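Enquirer: Take a look at the letters that make up each chain.
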Amino acid sequence: MGSPSKKKDAKKEQCLTVGITGMTCASCELLLERKIKAIPGVASVEVNHKADRARIAVKNGCTLDRDALASVIHAAGYSLTDENAATLRSVAPDKRKWLEIGASLLVIFALYTILQTLDLVSLAPSTSGALSLGGIFVIGLVAGTSSCLAVTGGLLLAIAAKHNELHRSASSAEKFKPLLQFNIGRLAAYYVFGGLVGLLGSTITLSTQATGYMNIVVALVMLYLALTILQLIPKNSCPIRPPKRLSHWIAGISESKHPAAPMTLGAMTFFLPCGFTQSLQLAALATGNFVMGATIMFVFALGTLPSLLGISVISSKAPGNGSRLFLRFSGSLVLLLAVFNLQSGFALTGIHTSGAFAGDKGSNAAVAPTIRGNVQEVSMKVTSYGYEPSSLTINAGVPVRWKIDGTGATGCTSIMTIPALNISQPLRSGENIIEFTALEKGQLAFMCSMGMVRGTFNVI
Amino acid sequence: MRTTVSIPGMHCESCSMLVKDVSSEFPTISSVTVDLKSKQVTLEHEDDFDQDAWKKEIESLGDTYAVHAA
Chain A
29 MGSPSKKKDA KKEQCLTVGI TGMTCASCEL LLERKIKAIP GVASVEVNHK
79 ADRARIAVKN GCTLDRDALA SVIHAAGYSL TDENAATLRS VAPDKRKWLE
129 IGASLLVIFA LYTILQTLDL VSLAPSTSGA LSLGGIFVIG LVAGTSSCLA
179 VTGGLLLAIA AKHNELHRSA SSAEKFKPLL QFNIGRLAAY YVFGGLVGLL
229 GSTITLSTQA TGYMNIVVAL VMLYLALTIL QLIPKNSCPI RPPKRLSHWI
279 AGISESKHPA APMTLGAMTF FLPCGFTQSL QLAALATGNF VMGATIMFVF
329 ALGTLPSLLG ISVISSKAPG NGSRLFLRFS GSLVLLLAVF NLQSGFALTG
379 IHTSGAFAGD KGSNAAVAPT IRGNVQEVSM KVTSYGYEPS SLTINAGVPV
429 RWKIDGTGAT GCTSIMTIPA LNISQPLRSG ENIIEFTALE KGQLAFMCSM
479 GMVRGTFNVI
Chain B
7 MRTTVSIPGM HCESCSMLVK DVSSEFPTIS SVTVDLKSKQ VTLEHEDDFD
57 QDAWKKEIES LGDTYAVHAA
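Chains as they are written, first to last, in the numbering used here: chain A, 29 to 488; chain B, 7 to 76.
Because the hints were derived from the structure by calculation, they are not lab data. All of these numbers come straight from a predicted model, not from anything done at the bench. Heads up, some of the hints might be wrong.
For the chain B half of the interface with chain A, some residues (derived, Cβ under 10 Å), not all of them [to be verified]:
1. M16
2. E19
3. S20
4. C21
5. D27
6. F55
7. G68
8. Y71
Okay, derived cross-link-like pairs now, DSS-like style, lysine-lysine, Cα gap no bigger than 27 Å in a straight line [stated by the list, open to error]:
9. K205/A to K61/B
10. K61/B to K65/A
11. K125/A to K78/A
12. K45/B to K62/B
13. K26/B to K65/A
To give a feel for the contact side, a few chain A residues facing chain B, derived at Cβ under 10 Å [what the hints assert, rightly or not]:
14. C43
15. A54
16. E57
17. A98
18. H102
19. S107
All C-beta atoms, glycine included, are put in the ideal place defined by N, C-alpha and C.
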């Protein structure tokens, strides 16, 4: 360093960068800056919690005592990422991050495949299931492990993960609290709204289109949370840049410590698209009575509780190092669920997508219609895997008599919708008939009320 | 003597460590207790403790750390 430099600082100082993990906020930066500055020989220090690194300037003639640095950082509750090779920082943690995310996705995919092979995903009572309170509880139990969990459980995971990230040091009991509040809000809302459904004699459900938009909004919220949880986008920044007020509201609700926030989210799940919820709202509606309606919805929510509480307990018990893995795992899961919900939402609002989750893979050979007089007839069966066949051929301009065997209908498949024709019909066990006429040639999509199980008419 | 003040901007363990760290520079303070839930800081200190200097030092950390009377 003999050559004279233009910058005075560069002449007498030597800079180095070290990686630090465990920082969550600006307070962590301030704390570490103070601690590191106190080490003899340090001229100045700049800590960036988003980049997980500290840039340290050392006074000329001094060398930084690495042991002192490590112990100071450790004492403050953080850790130096690579104590021997400071210049190689960030490579290791980045690589590890991607490895962990990849592993999480693999595990989730494997679990999903195993569950599907064992036919556990669709272990559901059919529409013919008894509607005794005990039966409703069982429906709830099953709903808790079904597609409904994709939305509600996803939100719950997002809350849990976000909360863990913000309050790393919190005890299990403290971590559990917002999740409990979420479930309390959910139970209370189901009771009250269920009662209202019974009293008013009309379901509080959204139209197919509105459900689709709701799905998209929920999916975007989950996507944003997943990406921040996985640290794929920096905190407080969003590449899509939603309106400031909206993102503040979302961040505010998901990060708020106020008990009302998780409770409100829990209560809002009543309106989340879920076939089970919708079919039970029909049951509550049939009672025409506040207490009965309220009881039905409450018992249903109670049934979903075990699996939701399971998620809560697991997420609040995750210990120190496990909590990082939990964040990675739940982030990946929320990410997948978000993509899944997004597709359903697009399908319901009429935007055509195809992808890994494109519903049923049963039989894709299109089945031609049987012509009877001036009516063409097509039949289809609802199974626990989806629609069979999922692709039907019909002629344009000719009235269609669509026979659907609804015996295997469960959850959202108990309501059949054709968004483009504004058709939405609950399916009974046994034969159901939907009549319509397709005027335009091309593809006509049909799907369950959540858009999660889909099929198409080939209009020729 | 004991003084309790409120720092509403404190939100995490780092904030509490930060307050304790700053306070440790004051020899007149013998102990600091931070309650993150109520956002209150309780100081055990000698009679000649200069609270204004302490407040100034804490608030120099940033706008988040405004000190209010409890």
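Enquirer: Run every hint past the structure and note whether it holds.
Expert: These are the hints, each one checked on the structure:
{"no.": "1", "hint": "M16", "verdict": "8 Å, holds"}
{"no.": "2", "hint": "E19", "verdict": "4 Å, holds"}
{"no.": "3", "hint": "S20", "verdict": "4 Å, holds"}
{"no.": "4", "hint": "C21", "verdict": "4 Å, holds"}
{"no.": "5", "hint": "D27", "verdict": "6 Å, holds"}
{"no.": "6", "hint": "F55", "verdict": "21 Å, violated"}
{"no.": "7", "hint": "G68", "verdict": "7 Å, holds"}
{"no.": "8", "hint": "Y71", "verdict": "9 Å, holds"}
{"no.": "9", "hint": "K205/A to K61/B", "verdict": "33 Å, violated"}
{"no.": "10", "hint": "K61/B to K65/A", "verdict": "21 Å, holds"}
{"no.": "11", "hint": "K125/A to K78/A", "verdict": "15 Å, holds"}
{"no.": "12", "hint": "K45/B to K62/B", "verdict": "18 Å, holds"}
{"no.": "13", "hint": "K26/B to K65/A", "verdict": "16 Å, holds"}
{"no.": "14", "hint": "C43", "verdict": "24 Å, violated"}
{"no.": "15", "hint": "A54", "verdict": "7 Å, holds"}
{"no.": "16", "hint": "E57", "verdict": "9 Å, holds"}
{"no.": "17", "hint": "A98", "verdict": "18 Å, violated"}
{"no.": "18", "hint": "H102", "verdict": "13 Å, violated"}
{"no.": "19", "hint": "S107", "verdict": "14 Å, violated"}
Hint compliance for this structure: hints 6, 9, 14, 17, 18 and 19 are broken, all remaining hints hold.
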